[in-house]
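Starting from the given sequences, assemble the full structure and let the hints guide the process.
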Amino acid sequence: EDQVTQSPEALRLQEGESSSLNCSYTVSGLRGLFWYRQDPGKGPEFLFTLYSAGEEKEKERLKATLTKKESFLHITAPKPEDSATYLCAVRYGGGNKLVFGAGTILRVKS
Amino acid sequence: DTEVTQTPKHLVMGMTNKKSLKCEQHMGHRAMYWYKQKAKKPPELMFVYSYEKLSINESVPSRFSPECPNSSLLNLHLHALQPEDSALYLCASSQSGGSNQPQHFGDGTRLSIL
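If you're matching them up, the sequences are chains Y and U in order. Offset between the first sequence (1-based) and the working numbering: plus 1061. Just so we're aligned: 2 in the working numbering is position 5 of the second sequence, and the numbers increase by one with no gaps anywhere.
Simulated from the structure, these hints should not be mistaken for laboratory data. Mixed in with the good hints there might be a few duds.
Taking lysine-lysine and the DSS-like style, the derived pairs with C-alpha atoms no more than 25 Å apart in a straight line are [as the list claims (entries may be wrong)]:
1. U:Lys37 <-> Y:Lys1158
2. U:Lys37 <-> U:Lys50
3. U:Lys38 <-> Y:Lys1103
4. U:Lys15 <-> Y:Lys1158
5. U:Lys50 <-> U:Lys38
6. Y:Lys1158 <-> U:Lys50
7. U:Lys6 <-> Y:Lys1103
8. Y:Lys1130 <-> U:Lys38
9. Y:Lys1158 <-> Y:Lys1130
10. U:Lys35 <-> Y:Lys1103
11. U:Lys19 <-> U:Lys50
12. Y:Lys1158 <-> U:Lys38
13. U:Lys19 <-> U:Lys35
What you are looking at is a predicted structure, and each value in this text was computed from that prediction instead of being measured.
So, in structure tokens, the structure goes:
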């Protein structure tokens, strides 16, 4: 079964058109939810960690939020350089595994 | 620039070859990871080393053999690979295996099996 589900699979935005990406999870004992950005041919680049419901983190045009069932990555006034695949991952229970969602491919056109 | 360095960046090998992938980090992290990533898929965990000891093996075939010579280095030895093993192999590190600190990834080795 899917433990981490990201939506949409792909998102096309015009430059300046704000939107949100969703990551829902069905694990128990969440120990951390992580957002990464991955450019083609590169490894995932760490963006944010969220640990508890209600927590928010911001970095430039990105803002990540967390509830008990899902996380949102809000992108405000995106630029073409924000185009990438955005991955979320969760760590839960007593282990140190990261379980990744399938990712959202974001394309921002100028 | 990533603080986790992987070499080589690209590797082409035949099914009978033996090769090794290398990973190095100088952040003082004590947990290191190998992931496999197929095109348009998320990374899949293969191995975890914590304090230089193998702590997780995700039922990876024995043709993949990990090694952690010291806390800064991680190797993945490859032998008799199959065409379906062609993928991007990612190394990552974190402060310790039990912490909630994020994993930091290298840019990977793109492996092609002929």
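Hint check: lysine 37 of chain U vs lysine 50 of chain U, CA-CA at most 25 Å. Holds or violated? Distance of about 31 Å is beyond 25 Å: violated.
CA of lysine 15 of chain U to CA of lysine 1158 of chain Y, is that 25 Å or under? With Cα atoms ~28 Å apart, lysine 15 of chain U and lysine 1158 of chain Y exceed 25 Å; violated.
For the pair we were handed, lysine 1158 of chain Y and lysine 1130 of chain Y, check the Cα-Cα distance against 25 Å. holds (19 Å)
Given hint lysine 1103 of chain Y paired with lysine 38 of chain U - CA-CA distance at most 25 Å: holds (13 Å)
Straight-line alpha-carbon gap lysine 19 of chain U to lysine 50 of chain U, limit 25 Å: holds (17 Å)
Given the hinted pair lysine 6 of chain U and lysine 1103 of chain Y, is their Cα-Cα distance within 25 Å? Since the Cα atoms of lysine 6 of chain U and lysine 1103 of chain Y sit roughly 10 Å apart, the hinted pair holds (cutoff 25 Å).
What's the verdict on lysine 37 of chain U and lysine 1158 of chain Y, does the C-alpha distance respect the 25 Å limit or exceed it? With a Cα-Cα distance of about 21 Å, the restraint between lysine 37 of chain U and lysine 1158 of chain Y holds, given a limit of 25 Å.
25 Å Cα cutoff - pair lysine 35 of chain U, lysine 1103 of chain Y: holds (13 Å)
Straight-line alpha-carbon gap lysine 1158 of chain Y to lysine 50 of chain U, limit 25 Å: Distance of about 15 Å is within 25 Å: holds.
Within 25 Å, alpha carbon to alpha carbon, are lysine 50 of chain U and lysine 38 of chain U? violated (28 Å)
Does lysine 19 of chain U pair with lysine 35 of chain U here, judged by a C-alpha cut-off of 25 Å? holds (19 Å)
Regarding the pair lysine 1130 of chain Y and lysine 38 of chain U, is the alpha-carbon distance no greater than 25 Å? holds (23 Å)
The earlier numbered hints that this structure contradicts are 2, 4 and 5.
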